[in-house]
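Each chain, letter by letter, is given below.
Protein chains: 2
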Amino acid sequence: MSPQQSSADASSDLLDLRYRMRHSAAHVMAEAVMKLFPEAQIAIGPPTDDGFYYDFEVSRPFTPADLEQIEALMRKTQKADTSFSGVMLSHDAALDRFQDQKFKLELINDLPENEEITVWSHESWEDLCAGRHAESTGKIGAFKLLSVAGAYWRGDENREMLQRIYGTAWESQEALDAYLERIEEAERRDHRRLGRELDLFFFDPIAPASPFFLPKGTIVLNELIDFVKELYMKYGYQEVTTPQIFNTDLWKQSGHYDNYLDNMYMIDVDQREFGVKPMNCPAAAMLYAANTHSYRELPIRYADFGRLHRYERSGVTHGLMRVRTFVQDDAHIFASLNQIAQEVNSFIAMLDEAYTILGYGEFRMALSLRPDKRVGTEEMWDRAEAGLAEVLGASGRKYDLEEGEGAFYGPKIDFFVPDALGREWQLGTVQLDFSLPERFNLQYASEDGTLQRPVVVHRAMLGSLERFLGVLIEHTAGALPIWLSPVQATIIPIADRHVPFGQEVVEKLRSAGVRAEVNDGNDRMGAKIRAAQVQKIPYMLVVGDREQEANKVAVRERSGSDLGAVDVDSFVAQVVEEIATRA
Amino acid sequence: MSPQQSSADASSDLLDLRYRMRHSAAHVMAEAVMKLFPEAQIAIGPPTDDGFYYDFEVSRPFTPADLEQIEALMRKTQKADTSFSGVMLSHDAALDRFQDQKFKLELINDLPENEEITVWSHESWEDLCAGRHAESTGKIGAFKLLSVAGAYWRGDENREMLQRIYGTAWESQEALDAYLERIEEAERRDHRRLGRELDLFFFDPIAPASPFFLPKGTIVLNELIDFVKELYMKYGYQEVTTPQIFNTDLWKQSGHYDNYLDNMYMIDVDQREFGVKPMNCPAAAMLYAANTHSYRELPIRYADFGRLHRYERSGVTHGLMRVRTFVQDDAHIFASLNQIAQEVNSFIAMLDEAYTILGYGEFRMALSLRPDKRVGTEEMWDRAEAGLAEVLGASGRKYDLEEGEGAFYGPKIDFFVPDALGREWQLGTVQLDFSLPERFNLQYASEDGTLQRPVVVHRAMLGSLERFLGVLIEHTAGALPIWLSPVQATIIPIADRHVPFGQEVVEKLRSAGVRAEVNDGNDRMGAKIRAAQVQKIPYMLVVGDREQEANKVAVRERSGSDLGAVDVDSFVAQVVEEIATRA
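For the protein sequence lines, the chains are A and B, in the order given. Counting along the first sequence from 1, when you hit position 93 you're at 133 in my numbering, and nothing is skipped either side. Counting along the second sequence from 1, when you hit position 227 you're at 267 in my numbering, and nothing is skipped either side.
In isolation and in its complexed conformation, chain A is listed as follows (with noise of 0.2 Å):
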């Protein structure tokens, strides 16, 4: 479930020229870093997707004036355009040579003593490292020092806590420009930050990486589980409420217990062990073993909202997007084997219908195949792939196969869209299962009487809705389309004499179930607009003399567009709509 850079622009010439003159730019910082400060204990400084990073054990926290001195260095010995060379030293010298560096010579000691290692150089400075660097310090390209973060010694949270000062470096000045763009775009689109300017939510370290929804937010989670279920009832689905926190007899019998242990918050009751459920599905299984089943029963689907929380490292953590704490819209399908390629079927029809309402007319679909280790029979694995791979060509879509990626239980479909800053996120899963059921002994009376299993599908539109908000409110800046809008429609009363009437006009969107307010605070027009702009509400409604003398409104979108006076009954009528259909 992590986020996907797309790369498909860049060829593998390209990768590697970035690469190494980013690998190359790491040294050149560091040699700027222990110019300035002699002192300076070096860790690490290996080169990313977008740039590179060093970190360093210097006596005071980097300033902004640090990181132009440093960057000012870097230029010059860029300019000097000194050749990188490497060579081998005795595992004896390399401690020699390193000697005053205590994270190298760590470094150092985790190597067999037999081997040689490298050491690469410009000018006089030199790393422990293992090379691929560009031909010469002038071959860095356009490079800029970005931000300065704590990490720590080797993501060790008992170790040295370190400073890592990250940059980046491009092929050209416009390849350098195009990504500052991009990062500004991103950070203005940062839902963490959105968030907190719209008053959807907030976090504290008193519930690490566990959001705290404001009623804003919380009408917009409210909004996407009504959407949801909505569908559900549609395609034929059942809610169900299961506990959060069960005896680890029951997570051994999942697998859980051997699997997932580390990431489970464990509790002790009555002298025996207790874990808060990571997954629903163990539960699904319980409820359906709760009675006998007969063929005609199946497929059956249940849906579960439960709030799962899993544990993750703070390290990992990052706003919405890796919470430990999250609700899915999951739901378990219990089925036989031949309603397999119905059933996904009509889950990417409504996976479809989904995904166009929200915002994302396209995704892409990856198929993921047997992998080594796995359950179930050959004549099953074969019977589940040649199932979806057939569901998925009739659907007319492209997708892509990944060979032996597929979960231990049974093959799966990961769905991905792509956002508003060319990124790619996995959203939604359909996974067939062959486990669950021999775990759980799940039964069902077929139609010639004798007892067999029933398959599981785990299937997930949106995933986390936690997660979901995170990724949408970077797709829309915010701006969430009409129908999860905790605010649909402002008011904004000209002067003082207009609030009565605006408030008339409140009262007949409330009365029609929309969201809406009147600003009648002591601020002047032109402020209550922007700050309504800021807000991302989808309409102001401004309301003066002449607005009110006809029963008008003047519409405003937050776009900026200038709709002109409307009739106020006539507006309502259009906003139901537009929500009612979630346009």
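None of the hints are false.
Put simply, identical chains are the same to the list, so a pair is met inside one copy or across any two.
As a list, the in silico DSSO-like pairs of lysine-lysine whose alpha-carbon atoms are at most 30 Å apart: (1) Lys269 to Lys548; (2) Lys576 to Lys269; (3) Lys274 to Lys592; (4) Lys256 to Lys269; (5) Lys576 to Lys256; (6) Lys548 to Lys256; (7) Lys592 to Lys256.
What the hints contain is simulated information worked out from the structure, not anything from laboratory work. Predicted model, so just to flag it, every value in this text is computed and none were measured.
Following the hints, position chain B against chain A.
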């Protein structure tokens, strides 16, 4: 929040009489058991509100035949009409007297050695006992043995598991019969049984005291939540969504760590201690504190349907009535002192509206005043109590005063409803809190620009929704109001040829939002009607040739009454109206 048995009909004389006869009946029962099982180890056997019990350790489980024999021996002893008499023994003499009874020895050894010990006897049988007996075995009234259950010695799960025989005894055969009828009715209405029969929910030891709600149970829960949300809309509440797992710092700040730790589930994460929330209050305070507030914004009403977890010993959990996990219709109001009266008033109005719709036409109120141990100034208490009393006075309703019963943080009003079995249940509560705003340093800018503390009002109408559902099921014997019924109408085709018409009717009902189904199984009409009655489905719509021709349905209610043939469209309109108005 425990159920309270009304005992207004029993004078204190009668209560004393019952105590004595039941206490003596327990002795007579233990004597009988020892006649049949001479090796029995006897534990304790007190009278209860409804009867008596005695705990025994014997080598095999008691059978129904054993109970019959025991009862027969008791009747013999009753006929013999032997006196009860007490003697005082020294500690050593008592140890000697009960040398073969290990539980009695343990009890004696727990008493101070210099204290004399009372022993009561009838015939030659004697028991360690503080007295208060009937005059003679002839005076143990109309009695009956009821059941056997397991019970730990001294309620301690680490001690011996004993067998407890329950019996009951009353002053007359008439009173006994009335009681037996009451428990039979209570068993018939037992929500745990009905929950299973109606496919609403079930329990499993894998998640002790944590209900699994099947699709039908989830429909009822969701309908209750939607109902409360509608009232929230009308009364100006905003819904919020908060985390479930918080660092203990929060629980220390809120006071739960000092006062509620034994009921909390604790988790270690990243070597720090976390607690699963047992209440929403601290999270509500954090939401309030996340922004600055002006007096113009008050009152702020945050509603939170967050799932709560409270550890309860397995001995005290009971079906949905006392669970370890539940959701409340919980809200916290942040108000200025002079808004208290209006807020409480408005809450009582909302609660009245809710209870009336839910079938509780009348409710009792109790105002609990300042306890000895409390926070806040006397002036605050004066004002708050006077405010509550004034609201209650103005409501024109009677209420009880409970001196000293308020919470340590403020006075409260509790709301009680009677059920069909004459029991009384506390559902709603409204509590003023002066402590939380202090602990979380909550503030608002008042009209004069100074920072002031708001008061927090905790309130719930239904309380735990799980418990409310249990209470409602027992009150209605499972015949939930139509708007809460998982299936609102079932169509019963007389013959197979009427199924298509039945499906047409179902389609009409469903598109109008009615939860309807066709029973197209192979049973005969009579059996289908009985099945629908068992399932407490409000309407059974029988369709045969005559109905099909006339586009009608023959309507029967679950009560058994026959409404005759009704035009399909009229029926749909009528049932839609009934559901919409929550009739």
